[in-house]
Structures are given as structure tokens and as C-alpha cells.
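Engineer: Given only the sequences and the hints, what does the whole structure look like? Please build it.
Residue numbers for the sequence shown follow numbering that gives the first Met the number 0, beginning at 0 and rising by one.
For the record, the hints were derived by calculation from the structure and aren't laboratory data.
Hints are supplied without guarantee of correctness; some may be wrong.
[As the list claims (entries may be wrong)] Derived DSS-like pairs (lysine-lysine); straight-line CA-CA distance at most 27 Å:
#	residue 1	residue 2
1	K111	K142
2	K111	K101
3	K101	K128
4	K111	K147
5	K111	K100
6	K72	K100
[As the list claims (entries may be wrong)] Here are the simulated distance ranges between beta carbons:
#	residue 1	residue 2	range
7	P193	A125	33 to 43 Å
8	A65	K128	31 to 41 Å
9	D165	G191	18 to 28 Å
10	T186	N161	35 to 45 Å
11	R177	E91	12 to 22 Å
12	G151	L219	39 to 49 Å
13	L219	D165	35 to 45 Å
14	E194	D165	33 to 43 Å
Given the structure is predicted, the values throughout are model-derived calculations rather than measurements.
Don't be surprised by glycine CBs; every beta carbon is placed ideally from N, CA and C.
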Amino acid sequence: MKHLLSTLIIATLLISCNSSDKSKSTSAENTDADTTTEAIAKIEKQLKTIETDEDLIATALMAAPAESRATSKVIGYNMAGEFVTLKEGDSEYIVLADDPKKDGFNAACYHKDLDAFMARGRELRAEGKSADEIFAIREAEVKSGEIKITPGSALHIYYGPNAAYDVETSKVDGAKLRYVIYTPFATSASIGLPETPSAPNHPWIMNPGTHRAHIMISPLENEVEQ
Numbered sequence: 000m001k002h003l004l005s006t007l008i009i010a011t012l013l014i015s016c017n018s019s020d021k022s023k024s025t026s027a028e029n030t031d032a033d034t035t036t037e038a039i040a041k042i043e044k045q046l047k048t049i050e051t052d053e054d055l056i057a058t059a060l061m062a063a064p065a066e067s068r069a070t071s072k073v074i075g076y077n078m079a080g081e082f083v084t085l086k087e088g089d090s091e092y093i094v095l096a097d098d099p100k101k102d103g104f105n106a107a108c109y110h111k112d113l114d115a116f117m118a119r120g121r122e123l124r125a126e127g128k129s130a131d132e133i134f135a136i137r138e139a140e141v142k143s144g145e146i147k148i149t150p151g152s153a154l155h156i157y158y159g160p161n162a163a164y165d166v167e168t169s170k171v172d173g174a175k176l177r178y179v180i181y182t183p184f185a186t187s188a189s190i191g192l193p194e195t196p197s198a199p200n201h202p203w204i205m206n207p208g209t210h211r212a213h214i215m216i217s218p219l220e221n222e223v224e225q
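Structural biologist: And the structure:
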């Protein structure tokens, strides 16, 4: 009887050890598989940190329509912190590169008719003017005709939380596009759009009745450029 009991105990221990080994093996295999999947994803994306002027140009141009990127002018801060022309161009678009000294990513592309308006804003910010002061100054200058904003001129904003991009496509990791269409002094009543979005991704008018009145079209919360 004792011999039979001992045999049963030994058999139970062997089964338990074998199950434990299989469990550990399966866990290790799953971990290896997860690591391999992550590695493959990184290789496929080939993400690179934005760290050169060439990187700034490549990523900024993603804010412009694809057919105009080769001929669009790119301006902005270079890696040395100087505001310069990073790339010459003669299309209808001017592209403002991401500021490498700021967190995340934010580049913009706007129609050349908006250049005087945008340049004036940069000039006033450099002078230390507040957002309210800049608004008031440009409002007066647009009303006087000193600055002109062509109704319908568009601004494309390409933005996201990361400062890394896919070297194959130049797309910034996690970035989205938001569109602004300027309609100076328009109101909700004059163009038939609400002053707040009716639903995600729906157009609405911001700053109605002012020089800076514009139609906003924002991406869906989880939408990422493909």
C-alpha cells in the first residue's frame, strides 16, 4: 500500500512539473512573439527623429497638397534656431516648418495670399505683443486695407504629439490635418454655418464678424493621416 501511495505521489509531482515547464515555455514564446511583432512594426515604419534641416523640410511639406510639395516654398526656424527660407518654391503655397525647439509637431501650409497676414503676426510676436494685441492690431490693419485677406484662402495645419517621422513616406507619427478657410468679417448668418461644430469633423465658423473669421474643419479625435 505504501509502495502504491509513493508511486502516486511521484507521478503527481512529475505531471505538475511538466505542466509548469509547458506554461513557462508558452509564456516565453508569447513574449518573444510580442517583441518580434513590435520590432517588425518599427522596421516597417523606420521612424526617425526630426534632427536636421532636411528632416524639417520633408515633414513640413506633408502639410501641403501632394501635387504641390515639390514646388512649395518652406520657411521657418532651422535647427540652429534661425528663421530662414529652408526651401525655395514658386507654387501658390507657403509652408511653415515645425519649430524644433518646441514639443510635439506643428507645421502649416497656407495660400500665398495670406503671407502678409501671417508675416505680420510673426513680426508682432517677435516684438513681444500679446495674442489680444496682435488680434487688435491686425484687425485695424485689415479694416484699413493695409493687410489684405482673400476670402476663401486656406490654411492647412499638420500637427501631432510626436517629433518622429517615417523616412519612407515623410509622414509624422500620429499627426493629423486641420483645415482653416478664411472668410473675413463673415458671420454665422452670412454664410450659414454654426458657431460651434454640430458634430465631430463638421465645419463651423470661428471669430465671426472679425477680420479673422474662418471656417474650421477639424479631424476626428482618433483620426490619423494614412
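Engineer: Now, for every hint given, state plainly whether the structure supports it.
Structural biologist: Going down the list of hints, with the structure as the test:
1. Our distance criterion of 27 Å between C-alpha atoms is met by K111 and K142, whose separation comes to about 20 Å.
2. With a CA separation close to 25 Å, the supplied pair K111 and K101 stays within the 27 Å bound.
3. With a CA separation close to 19 Å, the supplied pair K101 and K128 stays within the 27 Å bound.
4. Taking the CA atoms of K111 and K147, the gap is about 11 Å. The hint holds against a cut of 27 Å.
5. Straight-line distance between C-alpha atoms of K111 and K100 comes to about 26 Å, which keeps the hinted pair within the 27 Å bound.
6. Of the supplied pair hints, the one linking K72 and K100 holds, its CA atoms being roughly 21 Å apart against a limit of 27 Å.
7. Here the CB-CB span from P193 to A125 is close to 35 Å, well matched to the stated 33 to 43 Å.
8. For A65 and K128, the hinted distance range of 31 to 41 Å is satisfied, since their beta carbons lie about 36 Å from each other.
9. The hinted range of 18 to 28 Å is not satisfied by D165 and G191, whose Cβ atoms lie roughly 40 Å apart.
10. Judged by the Cβ atoms, the range 35 to 45 Å given for T186 and N161 holds: they are separated by roughly 38 Å.
11. Checked against the hint of 12 to 22 Å, the pair R177 and E91 passes, with Cβ atoms roughly 20 Å apart.
12. Between G151 and L219 the beta carbons are some 24 Å apart, a value that contradicts the proposed interval 39 to 49 Å.
13. For L219 and D165, the hinted distance range of 35 to 45 Å is not satisfied, since their beta carbons lie about 21 Å from each other.
14. Separation of E194 from D165 is about 37 Å and conforms to the stated range, judged on CB atoms against 33 to 43 Å.
Consistency with the previously given hints fails for numbers 9, 12, 13, ordered from lowest to highest.
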